[in-house]
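Trainee: With these hints in hand, go ahead and build the complete structure from the sequences.
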Amino acid sequence: MPQGMPTGPVMPPVRKGIWYAWTPLIIKYLISICVSMAAVMGYTFIYISRHYEETVGAMQDQQDMLDLSVSISERMLQYTTQLEGITALIVIPVILYMFHRDRKNERLAGVIPNRKAPLWKYGAVAGIAAALCVGLNDLILISGISSYSASYQQTSDSLYSAPFGMQLLCLGVLVPISEELVFRGMMFKRLREQSGFMHAAIFSSVVFALLHGNMVQMLYAFATGMMLSYVYEKYGSVKAPATAHVVMNLISVTATRFGLFGWLMEDRLRISVVTVLCGALAAAMFVLIQRIDERPL
Numbered sequence: 001m002p003q004g005m006p007t008g009p010v011m012p013p014v015r016k017g018i019w020y021a022w023t024p025l026i027i028k029y030l031i032s033i034c035v036s037m038a039a040v041m042g043y044t045f046i047y048i049s050r051h052y053e054e055t056v057g058a059m060q061d062q063q064d065m066l067d068l069s070v071s072i073s074e075r076m077l078q079y080t081t082q083l084e085g086i087t088a089l090i091v092i093p094v095i096l097y098m099f100h101r102d103r104k105n106e107r108l109a110g111v112i113p114n115r116k117a118p119l120w121k122y123g124a125v126a127g128i129a130a131a132l133c134v135g136l137n138d139l140i141l142i143s144g145i146s147s148y149s150a151s152y153q154q155t156s157d158s159l160y161s162a163p164f165g166m167q168l169l170c171l172g173v174l175v176p177i178s179e180e181l182v183f184r185g186m187m188f189k190r191l192r193e194q195s196g197f198m199h200a201a202i203f204s205s206v207v208f209a210l211l212h213g214n215m216v217q218m219l220y221a222f223a224t225g226m227m228l229s230y231v232y233e234k235y236g237s238v239k240a241p242a243t244a245h246v247v248m249n250l251i252s253v254t255a256t257r258f259g260l261f262g263w264l265m266e267d268r269l270r271i272s273v274v275t276v277l278c279g280a281l282a283a284a285m286f287v288l289i290q291r292i293d294e295r296p297l
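In this text, residue positions in the sequence shown follow my numbering: the first is 1, and each later residue adds one.
Mixed in with the good hints there might be a few duds.
[Claimed, not checked] Using 25 Å as the maximum straight-line C-alpha spacing, the simulated PhoX-like pairs for lysine-lysine come out as follows:
hint, residue 1, residue 2
1, K104, K16
2, K104, K239
3, K116, K239
4, K239, K121
5, K116, K104
[Unchecked claim] With beta-carbon atoms standing in for the labels, derived distance ranges:
hint, residue 1, residue 2, range
6, M76, D293, 27 to 37 Å
7, S272, M41, 45 to 55 Å
8, M198, E74, 36 to 46 Å
9, M76, R295, 41 to 51 Å
Source of the hints: derived by calculation from the structure; they are not laboratory data.
Glycine included, C-beta positions come from ideal geometry on N, C-alpha and C.
Mentor: Okay, structure coming up:
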């Protein structure tokens with residue numbers, strides 16, 4: 001087999017139910033729903049206690065009550081980033097426990113895992129992540145598709161309305177780590193136990209993309225999902241895609257905060273040159289990653 005092709009760990013063929021791969025994702029969204037419901041209930045209680053007479057008056061009219069509910073929902077949007085961070089804080093230990101349990105079961109079953117790449121090779125992970133982040137965002141801006149997606153604009157406004165430090169912590173660190181544990185550490189890995197690399201990577205990346213909810217983020221998420229799956233396969237550790245995802249999100253948050261992409265769009269030549277350079281860097285990092293021999297010892 002060519003060196004650049006992912007080989008996967010040596011394991012006995014085992015067929016498991018359809019829910020085996022989906023369970024971690026279901027758990028993640030159940031936690032998300034519970035956090036959101038608790039936040040809405042808490043915020044509503046505080047609002048009613050501070051605006052008791054207004055609330056009682058609104059209860060007398062159905063339209064006023066509807067308007068009040070919409071107003072509370074809109075105010076909750078400003079806490080989207082914080083709620084994502086709280087959800088991630090709960091998801092990480094839960095999914096991490098499941099992840100380590102899977103690895104323990106593999107050892108008991110006699111599975112020979114892929115060898116882990118040394119830490120010094122993680123520079124290529126950071127490099128390809130940074131290049132893809134900037135390059136893909138440039139292509140989205142050049143194509144103009146983001147301007148046609150109202151849901152994308154609304155999502156961006158909600159996420160980036162939080163204080164910058166909160167964005168770095170929640171969107172830049174906690175959320176990408178939780179997503180990598182769920183989508184690569186669990187879903188991709190469990191699919192990989194029963195199928196080839198491409199099937200597991202495409203399926204998990206499609207699910208990852210669809211759950212982003214709008215076309216702009218779907219395209220970006222699918223492309224990055226495939227890269228993250230490949231990185232996981234080659235490095236033999238979920239730390240690799242987690243590192244890449246953190247790098248990408250930190251760059252996105254920082255670039256948005258300081259208007260990097262707006263500055264690039266001011267000059268077509270500028271953004272074109274940067275995009276080409278990002279493509280070249282991504283290709284160079286891919287070659288380095290491809291040369292990693294992940295085959296079990």
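Trainee: Confirm or reject each hint.
Mentor: Tested hints:
1. K104 x K16: holds, 17 Å
2. K104 x K239: holds, 17 Å
3. K116 x K239: Status holds; Cα separation ~10 Å.
4. K239 x K121: Answer holds: K239 to K121 is near 12 Å, not above 25 Å.
5. K116 x K104: holds, 17 Å
6. M76 x D293: 27 to 37 Å: The hint (27 to 37 Å, Cβ to Cβ) is violated, given that M76 and D293 are roughly 50 Å apart.
7. S272 x M41: 45 to 55 Å: holds, 50 Å
8. M198 x E74: 36 to 46 Å: holds, 43 Å
9. M76 x R295: 41 to 51 Å: With a Cβ separation near 50 Å, M76 and R295 satisfy 41 to 51 Å, so the hint holds.
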